[in-house]
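K.L.:
So you can see what is in the structure, the chains are spelled out below.
There are 6 protein chains.
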Amino acid sequence: MARPDGRRPDQLRPVTLTRGWSTHPEGSVLVEFGATRVLCTASVTEGVPRWRKGSGLGWVTAEYAMLPRATNTRSDRESVRGKVGGRTHEISRLIGRSLRACVDLKALGENSIVLDCDVLQADGGTRTAAITGAYVALYDAVTWLAERKSLTGKVEKVMHRSVAAVSVGVIGGEPMLDLCYAEDVTAEVDMNVVCTGAGDFVEVQGTGEAGVFARDQLDALLDLGVAGCLELADAQRKALNL
Amino acid sequence: MARPDGRRPDQLRPVTLTRGWSTHPEGSVLVEFGATRVLCTASVTEGVPRWRKGSGLGWVTAEYAMLPRATNTRSDRESVRGKVGGRTHEISRLIGRSLRACVDLKALGENSIVLDCDVLQADGGTRTAAITGAYVALYDAVTWLAERKSLTGKVEKVMHRSVAAVSVGVIGGEPMLDLCYAEDVTAEVDMNVVCTGAGDFVEVQGTGEAGVFARDQLDALLDLGVAGCLELADAQRKALNL
Amino acid sequence: MARPDGRRPDQLRPVTLTRGWSTHPEGSVLVEFGATRVLCTASVTEGVPRWRKGSGLGWVTAEYAMLPRATNTRSDRESVRGKVGGRTHEISRLIGRSLRACVDLKALGENSIVLDCDVLQADGGTRTAAITGAYVALYDAVTWLAERKSLTGKVEKVMHRSVAAVSVGVIGGEPMLDLCYAEDVTAEVDMNVVCTGAGDFVEVQGTGEAGVFARDQLDALLDLGVAGCLELADAQRKALNL
Amino acid sequence: MARPDGRRPDQLRPVTLTRGWSTHPEGSVLVEFGATRVLCTASVTEGVPRWRKGSGLGWVTAEYAMLPRATNTRSDRESVRGKVGGRTHEISRLIGRSLRACVDLKALGENSIVLDCDVLQADGGTRTAAITGAYVALYDAVTWLAERKSLTGKVEKVMHRSVAAVSVGVIGGEPMLDLCYAEDVTAEVDMNVVCTGAGDFVEVQGTGEAGVFARDQLDALLDLGVAGCLELADAQRKALNL
Amino acid sequence: MARPDGRRPDQLRPVTLTRGWSTHPEGSVLVEFGATRVLCTASVTEGVPRWRKGSGLGWVTAEYAMLPRATNTRSDRESVRGKVGGRTHEISRLIGRSLRACVDLKALGENSIVLDCDVLQADGGTRTAAITGAYVALYDAVTWLAERKSLTGKVEKVMHRSVAAVSVGVIGGEPMLDLCYAEDVTAEVDMNVVCTGAGDFVEVQGTGEAGVFARDQLDALLDLGVAGCLELADAQRKALNL
Amino acid sequence: MARPDGRRPDQLRPVTLTRGWSTHPEGSVLVEFGATRVLCTASVTEGVPRWRKGSGLGWVTAEYAMLPRATNTRSDRESVRGKVGGRTHEISRLIGRSLRACVDLKALGENSIVLDCDVLQADGGTRTAAITGAYVALYDAVTWLAERKSLTGKVEKVMHRSVAAVSVGVIGGEPMLDLCYAEDVTAEVDMNVVCTGAGDFVEVQGTGEAGVFARDQLDALLDLGVAGCLELADAQRKALNL
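Residue numbers (the UniProt record's numbering), protein chains in the order written: chain A, 1 to 242; chain B, 1 to 242; chain C, 1 to 242; chain D, 1 to 242; chain E, 1 to 242; chain F, 1 to 242.
Calculated directly from the structure, the hints in this document are not laboratory data.
What you were told as hints is all true, and nothing was included just to trick you.
Across the chosen pairs, the derived CB separations fall in these ranges: (1) A/51 - D/9: 51 to 59 angstroms; (2) A/81 - C/216: 51 to 59 angstroms; (3) D/199 - C/10: 25 to 33 angstroms; (4) E/182 - F/150: 35 to 43 angstroms; (5) C/198 - B/81: 38 to 46 angstroms; (6) F/242 - B/50: 38 to 46 angstroms; (7) A/155 - B/210: 20 to 28 angstroms; (8) D/52 - F/199: 55 to 63 angstroms; (9) F/150 - E/104: 56 to 64 angstroms; (10) B/50 - D/52: 16 to 24 angstroms; (11) E/230 - D/2: 47 to 55 angstroms; (12) A/2 - B/106: 28 to 36 angstroms; (13) E/223 - F/47: 40 to 48 angstroms; (14) B/160 - A/81: 33 to 41 angstroms.
Rough simulated footprint, nothing fancy, chain E against chain F, three-plus residues with beta-carbon under 8 angstroms: (15) 80 to 90; (16) 93 to 102.
Quick caveat, the model's predicted, so the values are computed rather than measured.
Just so you know, even glycine gets a beta-carbon here, dropped at the ideal spot from N, CA and C.
Between the sequences and the hints, there should be enough to build the whole structure, so can you do that?
P.N.:
Below is the structure:
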């Protein structure tokens with residue numbers, strides 16, 4: 001079962017993490033997983049939402065969106081339709097949870113950080129690329145806070161874990177890592193794995209798109225996913241010069 | 001680690017599936033997992049949405065919602081706020097995918113079935129109770145179609161698998177089955193497992209709410225979840241007299 | 001002119017008022033007028049909306065809604081359509097006005113109570129059943145406040161009147177009490193009568209759906225409506241053990 | 001109990017019905033009940049909404065709205081708030097029902113008429129002024145259709161009844177006709193009466209705003225309302241030169 | 001090239017400015033440019049929006065809207081569609097900017113004035129009529145403030161310039177002043193000119209609707225527009241008895 | 001009066017037009033005016049909107065939007081707020097009009113092209129950069145159509161004019177070309193000039209943000225704007241190898 005771009009089943013697409021792609025945000029990363037291209041920006045606000053005031057805890061949240069022509073056919077803008085779609089909501093929530101898992105909100109103090117993940121070009125794995133890139137943008141934003149002495153803890157204390165994500169799937173009965181769009185639409189099982197740099201799970205979501213899957217398939221996908229995430233964690237460390 | 005209601009870690013809450021709770025729908029089930037109470041109705045329409053016409057395939061979709069005071073404190077109505085929230089969207093999509101996994105859409109023919117899952121009272125596990133109850137309502141709706149000869153295949157051909165779901169979680173380091181609300185809010189890891197009656201996976205979603213989780217924890221949760229789903233499949237068969 | 005269920009023209013359908021149907025709300029009643037089934041819950045909040053602060057007066061309001069398949073054919077959810085329909089608005093306002101008429105808002109003090117009336121199954125008379133059931137749920141919520149000593153007056157002072165409602169209509173020229181859906185759609189005149197337990201009017205709304213009506217018809221309908229409301233007031237007293 | 005403008009209890013405010021106030025609509029009337037000023041326009045479209053096609057029946061509907069500064073203090077625009085309020089919905093529906101009661105929809109044939117009633121200045125009784133003025137605008141629109149031979153029946157056949165409306169209320173225990181705003185806010189009972197030119201009822205809506213009302217009060221209000229409507233019917237006939 | 005109403009190319013339509021058309025607002029003007037009829041009201045609120053508090057500056061804003069049947073064919077209400085259209089937004093913003101240009105916001109002090117411009121009848125030039133009329137309503141509202149001693153400066157200090165607006169266009173190659181609707185739809189170039197009473201520009205917007213335009217055409221249109229605005233400034237002075 | 005980046009008053013910022021920045025759209029250009037960066041994509045659909053069917057004419061429209069953190073402080077997403085803001089609407093409409101001015105819609109035939117202009121980074125002049133870049137993307141999309149023989153005319157016939165845009169303004173009394181954000185906020189007059197490659201005007205919009213402007217200032221700004229547009233037209237030709 002040859003992959004469209006000739007990769008091995010356990011091989012990631014070329015990954016690039018371009019820090020500082022935008023000048024305004026406190027952290028900004030253009031992340032590319034092959035042809036998938038997501039702009040992740042981290043925006044810092046002093047203070048936290050009203051319901052969290054006085055808690056001593058910070059807040060991290062995320063919003064995901066696609067440009068109308070990030071995909072092969074144009075989608076209507078959610079702003080024009082007047083509502084955010086279910087898929088967008090679901091992915092924004094996933095990114096937010098994943099990023100919060102790598103932050104010590106107490107050490108962050110009463111600061112808020114919004115991660116905006118805008119897909120400029122989509123070719124499968126946009127949500128996993130977004131999580132992987134947003135981690136790096138978040139790290140830069142926390143560093144920015146530390147440099148302004150707005151942080152009680154040190155950067156490493158706030159960012160006490162790294163987090164990365166990758167998609168895996170079963171195609172023609174074979175488990176594959178980091179599906180591109182052409183693979184994604186034919187996958188029998190589709191799974192997103194979000195891991196820390198230590199290989200622990202933050203989130204696991206597997207769906208039998210066109211069928212069901214057995215325990216041994218699930219195990220093989222998890223192995224593949226964890227390995228992919230560890231490789232991405234390495235790329236994140238390099239990008240951050242850690 | 002005693003559970004609030006004295007259950008063993010691997011024990012479900014009392015489950016009831018009351019068929020025909022409402023008179024209007026083609027299928028209707030009041031499902032109860034302990035104090036969680038969800039009204040699942042199946043509404044049949046001849047024909048399919050425009051984008052599916054002429055395909056020969058049927059369509060199954062789901063909508064999940066909570067009454068404002070299904071929970072301990074009142075929530076604003078989504079109709080009054082003017083938009084469907086992210087959590088609602090996410091759960092509706094999960095229920096829809098899970099139910100489609102148990103239906104042969106070709107055998108269903110160009111008929112549409114909407115599963116409405118309205119939470120009348122919430123005490124944890126509302127989405128898994130909804131899936132478990134909706135399967136039974138869907139079965140009744142397909143039988144209704146068969147009796148009207150609007151089905152090319154037989155009921156058993158359309159409903160070629162059963163599907164049930166249960167939540168599992170880690171509390172105080174220990175894996176537990178079918179969390180009630182008081183347990184859910186303290187769980188370190190929270191997972192929903194959707195399985196067929198044969199114990200295959202339809203969907204797996206695990207989140208480290210307040211931390212991360214290791215592979216062996218994940219394995220223990222999956223074991224617990226599959227066992228719970230098989231027990232629920234049994235309850236479904238009894239309710240349907242199969 | 002025989003009625004579908006064999007009732008006399010001046011006969012109510014069987015009425016049941018099940019208190020405490022839900023465990024979370026401060027008051028909850030499942031009210032049934034024949035096959036019409038409405039879940040009424042009363043939610044208490046300390047304090048009042050901003051525009052009423054410092055007035056010393058409480059606030060009572062209501063929201064009415066139907067489950068999508070409460071009716072014979074499925075309706076789209078108002079949350080999905082993104083707006084509350086005119087009929088829903090109109091009925092919510094009627095219920096709120098009717099309930100406020102039976103409460104001494106000064107004796108209630110600066111507390112707010114929301115009555116949620118969700119139609120689980122509709123067979124005509126949903127708004128009148130909602131008012132009749134909501135009164136009982138409201139009474140329980142006020143009692144709950146009294147038990148917590150959050151009330152300046154006594155329960156009987158706050159709930160200084162009871163309120164109940166019933167529909168009446170003209171079918172085939174004959175006035176009828178408490179129309180079921182099949183009767184409602186053929187009625188020439190349709191009227192809702194909201195009365196206190198003493199038989200005074202709180203609200204009267206009559207419409208010539210398919211024509212106009214003369215003064216003597218109106219008089220006959222009012223007689224029928226008042227008698228029906230008094231009978232419902234009796235059922236409320238029994239349900240509340242007053 | 002003197003009225004602010006010195007009227008007798010059973011006296012209408014000065015009523016003017018200015019036909020042809022606007023040039024574009026098929027019918028347009030500026031109606032004034034004292035300082036209350038409503039622009040009623042009737043817009044004709046050939047054909048009927050999709051759900052009514054092929055029925056041979058016409059369709060009449062109404063939309064009511066207030067300019068932001070029609071009232072003493074400015075209200076936000078419903079377009080800017082993004083939704084139509086409950087009061088607006090309720091009144092639009094009342095006007096629509098009232099106007100349909102005076103039209104033979106079969107004789108109208110498959111034509112649609114929308115009545116827009118925009119309150120330019122409000123001083124109580126806006127909904128009753130709107131109904132009274134909209135009837136005249138509707139008459140002109142039906143005449144317009146007849147002149148273009150788009151009508152199967154004659155104008156008098158389509159407009160087989162006239163309809164007018166007036167408010168009545170109890171102030172200081174005394175029944176009063178056609179309340180202005182200053183009276184409306186102090187009324188104990190508030191009622192709108194919609195009658196045909198023959199004095200039959202089309203709609204009756206009475207509310208005990210600040211209390212309840214007895215049968216004899218209701219009777220007195222109905223007497224007053226019918227007399228007021230008959231006087232308005234006379235003004236309509238004069239305006240239409242009938 | 002004869003104009004539909006026989007005007008010279010450089011001639012305005014008859015202009016009327018009726019002050020005090022409504023009784024509630026602090027300023028109200030019915031402005032007519034030929035058959036175009038716009039009701040402009042000025043609503044004063046003490047205080048300014050939150051983001052401006054403590055600045056010592058006042059705030060002036062505008063909202064423009066059309067009645068559904070102000071035009072030849074009926075448009076849906078923006079409140080019913082649930083959103084304000086692009087054209088409406090654009091014109092509201094233009095009116096607001098134009099009016100702020102004639103007000104000394106410091107001398108106004110922390111007071112807010114909203115100009116509502118509702119088109120009752122449209123025949124071209126509604127936005128320019130709205131600006132011209134709103135200026136007069138604004139002047140009256142500022143005078144109202146001065147009479148209540150809520151103004152630090154004098155009226156003439158606050159209203160330190162007058163502002164008026166007119167449309168110009170090229171039809172059949174010829175520049176024309178103050179286009180009516182029939183002219184507007186055939187114009188090759190369409191321009192709105194907003195000027196002070198001294199003939200300075202506040203805003204210039206020119207569009208080649210059906211083509212492009214050269215510098216000399218632009219110059220001719222500006223000459224025509226300035227002359228028209230000066231004439232309107234004269235009418236404003238007369239209306240205000242200045 | 002030195003400019004922040006040392007430019008002469010009549011000097012553009014560095015302009016780059018990167019064609020084919022995205023792979024999916026039929027035309028895509030990343031346009032940069034200094035630090036302003038806009039992604040312009042052209043999406044082709046065969047056929048036209050319903051209201052234009054059978055006209056033989058094509059359709060060109062545009063949508064403008066900003067990423068939340070394109071600016072110095074983060075803005076809420078319009079999709080999350082549930083509505084498109086006035087400024088966004090206004091700019092989308094301007095871009096659409098400008099692009100339609102350079103297209104022969106008859107020669108385009110019944111094809112539709114949507115120009116999406118998404119601001120990735122904003123530093124003043126986003127709308128003029130968007131028009132300038134969108135023209136190039138549109139040219140590529142029309143070429144794409146021609147290559148698929150879906151065009152009745154030739155590319156040059158469809159694209160019968162080029163169009164570019166630039167901002168000009170008065171700062172400290174001096175006219176300046178192509179304002180960056182820091183200049184824009186201090187400008188006394190702000191104008192956008194949209195010209196064809198031949199130097200004719202397509203659209204002119206000038207606003208006295210903080211004052212008014214005289215005819216000679218307007219003339220100087222127009223001179224500057226036309227010269228800037230001609231320079232941009234040259235850059236467009238080079239980018240398109242024309």
